[in-house]
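K.L.:
Chains as they are written, first to last, in my numbering: chain A, 1 to 149; chain B, 150 to 298.
Derived from the structure by calculation, the hints contain no laboratory data. Here the structure is a predicted model, which is why all the values come from computation and not from measurement. For every residue, glycine included, the Cβ atom is placed at its ideal position computed from N, Cα and C. Incorrect hints may appear among the rest.
Straight-line alpha carbon distances no greater than 20 Å define the calculated SDA-like cross-link-like pairs of lysine to any residue that follow [to be verified]:
no.	chain 1	residue 1	chain 2	residue 2
1	B	Lys216	A	Ala53
2	B	Lys216	A	Gly133
3	A	Lys65	B	Thr160
4	A	Lys65	B	Ser182
5	A	Lys65	B	Ala159
6	B	Lys216	A	Arg57
7	A	Lys28	B	Ser182
8	A	Lys5	B	Ala159
9	A	Lys65	B	Gly252
10	A	Lys65	B	Val263
11	B	Lys216	A	Leu50
12	A	Lys65	B	Ser184
13	B	Lys216	B	Val263
14	A	Lys65	B	Asn189
Between beta-carbon pairs, the in silico distance windows are [claimed, not checked]:
no.	chain 1	residue 1	chain 2	residue 2	range
15	B	Asn284	A	Ile22	21 to 29 Å
16	B	Val172	A	Asp98	55 to 63 Å
17	A	Thr32	B	Ala159	28 to 36 Å
18	A	Val8	B	Asp250	28 to 36 Å
19	B	Phe234	A	Ala94	30 to 38 Å
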Amino acid sequence: MTHSKVSVYDLVGKVKTAMATITGAIAKANETITEGAHEKFTLLIGWSELEGAAGSRTHMNTLGKGLQLRRMVVEITLLARQRSQIGEDWAAVANYADDILDKLEAQPAAAPFSLSGVHTFHWTARRGVIEYGSASYAGAIFTLEFLCH
Amino acid sequence: MTTTQTEVVATNCVILMDNAANVLVDISGSLNSVSYNPSNTVAEWHTFGTQWVQRRVIHKDMPLTLKAVYSTLATETAQFTENWFFGGNDATRTVMIYIPDTGVGAATLSGEFVLESYSVELDAEADDVVRVEINLLPDNVVTRATNVT
Numbered sequence: 001m002t003h004s005k006v007s008v009y010d011l012v013g014k015v016k017t018a019m020a021t022i023t024g025a026i027a028k029a030n031e032t033i034t035e036g037a038h039e040k041f042t043l044l045i046g047w048s049e050l051e052g053a054a055g056s057r058t059h060m061n062t063l064g065k066g067l068q069l070r071r072m073v074v075e076i077t078l079l080a081r082q083r084s085q086i087g088e089d090w091a092a093v094a095n096y097a098d099d100i101l102d103k104l105e106a107q108p109a110a111a112p113f114s115l116s117g118v119h120t121f122h123w124t125a126r127r128g129v130i131e132y133g134s135a136s137y138a139g140a141i142f143t144l145e146f147l148c149h
Numbered sequence: 150m151t152t153t154q155t156e157v158v159a160t161n162c163v164i165l166m167d168n169a170a171n172v173l174v175d176i177s178g179s180l181n182s183v184s185y186n187p188s189n190t191v192a193e194w195h196t197f198g199t200q201w202v203q204r205r206v207i208h209k210d211m212p213l214t215l216k217a218v219y220s221t222l223a224t225e226t227a228q229f230t231e232n233w234f235f236g237g238n239d240a241t242r243t244v245m246i247y248i249p250d251t252g253v254g255a256a257t258l259s260g261e262f263v264l265e266s267y268s269v270e271l272d273a274e275a276d277d278v279v280r281v282e283i284n285l286l287p288d289n290v291v292t293r294a295t296n297v298t
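Start from the sequences and build out the full structure, keeping to the hints where you can.
P.N.:
Structure follows, in structure tokens:
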């Protein structure tokens, strides 16, 4: 099987497409990002870090530049709900986090997020209060690290 | 003292190896490290009347180690090696190394080599592509020359 190069734009868009299938979630990425968020369960998807020739200390992974792997980090910012009642806030974050985890774990081993050039990905998340559009939200940031062709 | 201005990096070195039809193929694009280790075996002896050891070079050898990316194309390093081992023909194959590239004046090392061993680790938890390490041993003379074409 040959692999296609994965673009940053496509990866962000495909993660958004997957997240948008979560019931009740409003997922935004690329052109659909807005300055403000909806009242609850908004997901903002964007990239945060890139590495060329992943794992190499040069610009190539093989002699003669035969292979250049890409490491891309995509963040999903979960805005669960505006800060109001702390117990309900964190309960919402936990429930929505479960939905996101289910969606991430449902990705196939081959071509996750429908991108044949994605070899692997790994994720971590951290809960927090997130400022967005002049409001505070109880939420979390999911960090997805991709190894791509 | 002069300061060198002819230092090289390894990124443009070129490695060619015979395929099963004894045609040299450039496999550089699917491997990222080649190490060769010329060595002499040295005989030692003492004679009456002197404290100093006498030595003489007897044999020469040059093991070769290739580190490749496991890929599925038949004309690339990993499949070359798999087919060499499992193909039922353990005959020697020509290996040729150009340092630092294929330009005029480059150093070349070439010889006939046998496949001693290779290793592949398939690790689902590795955040990396699959790697192959291949150990070759020369059969007869390894030649060092200067590229003139």
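K.L.:
The structure should be examined with respect to each hint, and the outcome stated for every one.
P.N.:
To see whether the hints hold, each was checked on the structure:
Annotation: proposed proximity of B:Lys216 to A:Ala53 holds, straight-line Cα distance about 16 Å (limit 20 Å). Between B:Lys216 and A:Gly133 the CA atoms are separated by roughly 51 Å; this puts the pair beyond 20 Å, and the hint is violated. Taking the CA atoms of A:Lys65 and B:Thr160, the gap is near 8 Å; set against the 20 Å cutoff, the hint holds. This hinted pair checks out: A:Lys65 and B:Ser182 have alpha carbons roughly 12 Å apart, not beyond 20 Å.
Restraint check for A:Lys65 and B:Ala159: satisfied, since their Cα atoms lie roughly 11 Å apart, inside the 20 Å limit. For the suggested pair B:Lys216 and A:Arg57, the alpha carbons sit about 16 Å apart, so the restraint of at most 20 Å is met. The hinted pair formed by A:Lys28 and B:Ser182 fails the criterion: a straight-line CA distance of about 43 Å is larger than 20 Å. Our distance criterion of 20 Å between C-alpha atoms is broken by A:Lys5 and B:Ala159, whose separation comes to about 25 Å.
For the suggested pair A:Lys65 and B:Gly252, the alpha carbons sit about 17 Å apart, so the restraint of at most 20 Å is met. Among the hinted pairs, A:Lys65 with B:Val263 is inconsistent with the structure: their alpha-carbon atoms are about 27 Å apart, more than 20 Å. The hinted pair formed by B:Lys216 and A:Leu50 fails the criterion: a straight-line CA distance of about 25 Å is larger than 20 Å. Of the pairs offered as hints, the one joining A:Lys65 and B:Ser184 holds, with about 18 Å between alpha carbons and a cut-off of 20 Å not exceeded.
For the proposed pair B:Lys216 and B:Val263, the alpha carbon gap of about 16 Å is at most 20 Å, so the pair holds. For the proposed pair A:Lys65 and B:Asn189, the alpha carbon gap of about 34 Å is over 20 Å, so the pair is violated. Look at B:Asn284 against A:Ile22: about 50 Å separates their beta carbons, and that is not inside 21 to 29 Å. As the Cβ distance of B:Val172 to A:Asp98 is approximately 57 Å, the hint placing it in 55 to 63 Å holds.
For the pair A:Thr32 and B:Ala159, the beta carbons lie near 45 Å from each other, so the given range of 28 to 36 Å is not met. Between A:Val8 and B:Asp250 the C-beta distance comes to about 32 Å, which sits within the given range of 28 to 36 Å. Take B:Phe234 and A:Ala94: their Cβ atoms lie about 52 Å apart, and the range 30 to 38 Å is violated.
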